[in-house]
Amino acid sequence: MQALDTKLKRLLSQVQKPARYMGNEWNARQKDHAEAAVRMVLAFPDLYEVGMSNQGLKILYESVNSRPGMLMERAFAPGMDMEELMRAYDQPLFALESGKPLAEFDLIGFSLQYELSYTNVLNMLDLAGVPLYADQRGESDPLVVGGGPCAFNPEPLAPFFDFFVLGESEECLPELLSGLDRLKKEAPDRKELLVRLSEWEGIYVPSLYQPAYKEGKFSAIERTDSRAPAVIRKRLVRDLDRAPYPTAPIVPYLQAIHDRAVVELFRGCSRGCRFCQAGYIFRPVRRRSRDKLVETAKQQIAETGYEELSLASLSSADYPDLEELINELDRGLYGEQVKCNLPSLRLDSYSIKLANRLHRGKRSNLTFAPEAATERLRRVIRKNISEAEIFSALNDAVDAGWQGFKLYFMIGLPTETEEDVEAIVDLCRRLRQYFRHKSSRKIGISVSVSTFVPKAHTPFQWEPQLSLPEVTRRQEILQQGFKKMPGIDLSWHDAETSFLEAVFARGDRLLAPALEKAWSLGCRFDGWSEHFSMPGWRQAFRETGIEPEDYALRRFGYDDLLPWDHLHCGVDKAVLIREHQKAFNIDKPEQGEAQ
Amino acid sequence: MTRIRFSFARGEALKHISHLDMMRLIQRALRRSGLPLVYSEGYNPHLRFNLALPLPVNVTASEEYGEVILADPVTPDQFMAAFGEQLPAGLDLTGAWIEDDYSAPALPSTVGAALYRATLVAEEGCRVDPVQYRQTLDRLLAKEEILAPKTKKKKTKKVFVNVRSYIYEAYFNEPEKERPLELYMLLQAGSRGGVSPFFVIEQLEKELTVECNYKAHWELHRERLYRDQDQFLKPLSEGM
Ligand code: SF4
Chain A
0 MQALDTKLKR
10 LLSQVQKPAR
20 YMGNEWNARQ
30 KDHAEAAVRM
40 VLAFPDLYEV
50 GMSNQGLKIL
60 YESVNSRPGM
70 LMERAFAPGM
80 DMEELMRAYD
90 QPLFALESGK
100 PLAEFDLIGF
110 SLQYELSYTN
120 VLNMLDLAGV
130 PLYADQRGES
140 DPLVVGGGPC
150 AFNPEPLAPF
160 FDFFVLGESE
170 ECLPELLSGL
180 DRLKKEAPDR
190 KELLVRLSEW
200 EGIYVPSLYQ
210 PAYKEGKFSA
220 IERTDSRAPA
230 VIRKRLVRDL
240 DRAPYPTAPI
250 VPYLQAIHDR
260 AVVELFRGCS
270 RGCRFCQAGY
280 IFRPVRRRSR
290 DKLVETAKQQ
300 IAETGYEELS
310 LASLSSADYP
320 DLEELINELD
330 RGLYGEQVKC
340 NLPSLRLDSY
350 SIKLANRLHR
360 GKRSNLTFAP
370 EAATERLRRV
380 IRKNISEAEI
390 FSALNDAVDA
400 GWQGFKLYFM
410 IGLPTETEED
420 VEAIVDLCRR
430 LRQYFRHKSS
440 RKIGISVSVS
450 TFVPKAHTPF
460 QWEPQLSLPE
470 VTRRQEILQQ
480 GFKKMPGIDL
490 SWHDAETSFL
500 EAVFARGDRL
510 LAPALEKAWS
520 LGCRFDGWSE
530 HFSMPGWRQA
540 FRETGIEPED
550 YALRRFGYDD
560 LLPWDHLHCG
570 VDKAVLIREH
580 QKAFNIDKPE
590 QGEAQ
Chain B
0 MTRIRFSFAR
10 GEALKHISHL
20 DMMRLIQRAL
30 RRSGLPLVYS
40 EGYNPHLRFN
50 LALPLPVNVT
60 ASEEYGEVIL
70 ADPVTPDQFM
80 AAFGEQLPAG
90 LDLTGAWIED
100 DYSAPALPST
110 VGAALYRATL
120 VAEEGCRVDP
130 VQYRQTLDRL
140 LAKEEILAPK
150 TKKKKTKKVF
160 VNVRSYIYEA
170 YFNEPEKERP
180 LELYMLLQAG
190 SRGGVSPFFV
200 IEQLEKELTV
210 ECNYKAHWEL
220 HRERLYRDQD
230 QFLKPLSEGM
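Chains as they are written, first to last, in numbering that gives the first Met the number 0: chain A, 0 to 594; chain B, 0 to 239.
By construction, these hints were calculated from the structure, which means they are not laboratory data.
Take every hint as true, because none was put in to throw you off.
In silico DSS-like pairs for lysine-lysine, Cα to Cα no more than 27 Å straight-line:
id, chain 1, residue 1, chain 2, residue 2
1, A, Lys338, A, Lys291
2, A, Lys8, B, Lys176
3, A, Lys30, A, Lys57
4, A, Lys297, A, Lys352
5, B, Lys205, B, Lys157
6, B, Lys157, B, Lys142
7, B, Lys205, A, Lys8
8, A, Lys6, B, Lys176
9, A, Lys361, A, Lys297
10, A, Lys6, A, Lys99
11, B, Lys142, B, Lys205
12, A, Lys6, B, Lys205
Looking from chain A toward chain B, a few residues come up when the C-beta cut is under 8 Å (computed):
id, residue
13, Ala18
14, Met21
15, Trp25
16, Tyr252
17, Leu253
18, Thr303
19, Gly304
20, Tyr305
21, Arg359
22, Gly360
For each label pair, taking beta carbons as the anchor points, the in silico distance ranges come out as:
id, chain 1, residue 1, chain 2, residue 2, range
23, A, Gly486, B, Glu237, 55 to 65 Å
24, B, Gly33, A, Ala36, 34 to 44 Å
25, B, Phe197, A, Gly334, 38 to 48 Å
26, A, Ala87, B, Lys142, 29 to 39 Å
27, A, Pro342, B, Glu123, 50 to 60 Å
28, A, Pro342, B, Asn172, 50 to 60 Å
29, A, Asp80, B, Tyr183, 28 to 38 Å
30, B, Glu84, A, Asn340, 27 to 37 Å
31, B, Pro174, A, Asn340, 56 to 66 Å
32, A, Glu542, B, Asn172, 50 to 60 Å
33, B, Glu84, A, Lys183, 32 to 42 Å
Quick caveat, the model's predicted, so the values are computed rather than measured.
Ideal placement from N, C-alpha and C gives every residue a C-beta, glycine not left out.
Next comes chain A alone, as it looks inside the complex (with noise of 0.2 Å):
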């Protein structure tokens, strides 16, 4: 950071991980205001080591930065004591690069990853200095963007926000900050500018729909203005070679999360999991040629000097030709020193041979995702892999030399009954005793089981959320049955944060207020199991007159208004309904794959 100011140089001194706020690292980028025609701040309300792991983050900083008379800086959540100080001597949260407040930038635009972080979003406005809600903003104040997943139901935030973008922004977001530059010298007001904007594509600006209720529950919206569509459809990147992708990333001091080069092998995933929203909001699947991840690839080790880099994408072994792929990267890369690694592996004898190829050295956990323990409930989600292939696959991992595995599993899933939850016990259990007899090695088994969370633009969408107290009773089978087998490891997702993370994901704005008052009760970083207040949230949702269980364990009709429905993800309601009619019916045979 250039301008450290003596106030923030002592704040810094006092706080855990002072590193978290001082920027400056290697390929960070300081331009200069001045020559900025528009300045956005990109706000990810989380702490610095989990934005600075983001990749969406380090795409947009690049689409912006590099382009002349515009700059993007960033900031982050301040941790808990970081704020307690900023807050003691009237501190406004900072950009990392310039030290401005934030205030001072045209725009805030923030990354909406997960649900858990809205009352972040909140309090980063609150230490900005920037009026919450979006009607009390004035001519002077910045404008205050949202985007990434939740942006595809961002009602719950809709008041706070002057508008969202849909899809992916690295190509329109440049072309919309010089697009709002010349709109700010053709609008009159802050109104008239945001109803201009609201005629772009993916460009969605709340204040101009008016919604309605019925009983207490959303059934309508209306647009203010004719000239805002009917629908926003979302933007996406066509040809992903040509797309802007960062070829000398941030490279963070603090070791962030995910501290490594990453190239994306491709966008959006054709496996079609019911309950997944990556799978259905990044549709269709668009690939980067082979040459352009080596050449990325190879840019981005000798500008970072990393000793890591991530193949990724949403299931990374269906890249075609990805062992192509490896050969070209390890002579490209011979000699760095760098080793590659694939983060989503599916179960089965091809990704173990991927794994196997990329891991020559100890081979210590691999981790998978078989998401339900019966075939029957592995087809109604539509993760269709047998227990045959389970076994066989786990079964080449063992004789590769690997020593365990980590495998994820969901409940709650719509369907489930109590068979399939002590069927995850019983898997584990042949698992353990399959190996047992197999491998005089100890192979470790992990067990992680999160609730499963309905969310907008699936299949699963009408689906309710299990209640509470089931929830609890089948994660006490869970642990009842691992008691009994000692050297398997469970683990699980706190219930009740699954629960609010159910409540804003198919929520409305009528939220809006129970979000506020958490966050005027100290509730933050609600996704952090040390931080989470359920009592808060409770006394937040009772102080604005909201039951929350009829958010969670709603079950919609396919005659009802989605509070999403306005915004389209580029897949079409008919789908999703088919999708979730098959779900139910899955024993008449399946055709063909998601497109």
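Using the hints, position chain B with the ligand against chain A.
Leaving out everything else, chain B with the ligand in the frame of chain A:
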């Protein structure tokens, strides 16, 4: 193979990073530099590289040392240019030379002590009374036992060690107008054990009876590293 040693200074811009951050930063800078690096054998290769003594978070420094093994001959000038170019603001390469004696012990094992300077920065409206600080320091140094908790891995029980003998010297600068109070501390460091300068300051503040000391804070700087040779301390820079 060439064994290169280098010296560097760390300024304000980088003082907030930890030792591990520093190790990663320098290794990545070396990897970017294009210098002929040497990695250890095996499946998990790591760079043959060392820093003399970990530099704590929030401390600047003027004379730190590192060493790295290179595969091919490289002159100090070439090294300075290639490596220096890859270092961020706040880290200044101040020298490099070739260590011919291949049997010379690795850098970390040569360090015996370090000299720190702590500057008391008082905020407006807070008057620091130097006399009181001096008296307090005298009281502290008169003690025969100053116990510091020792963190032992895998042990929950706290173990204490007497670190009094690790404080070789501690004194304040001569009073001067317009010059803040500075505390110099020569402390044992390195493989034989040591004491953190922050700990010494903490002990001093505990003894203190000044009321508004929360409005003043210490800024730490490491002046120099020493080797312990035949019971005498010699700056690490000598004989390198
Ligand atoms: S494989 Fe399934 S769960 Fe994974 S990203 Fe694709 S659709 Fe989602």
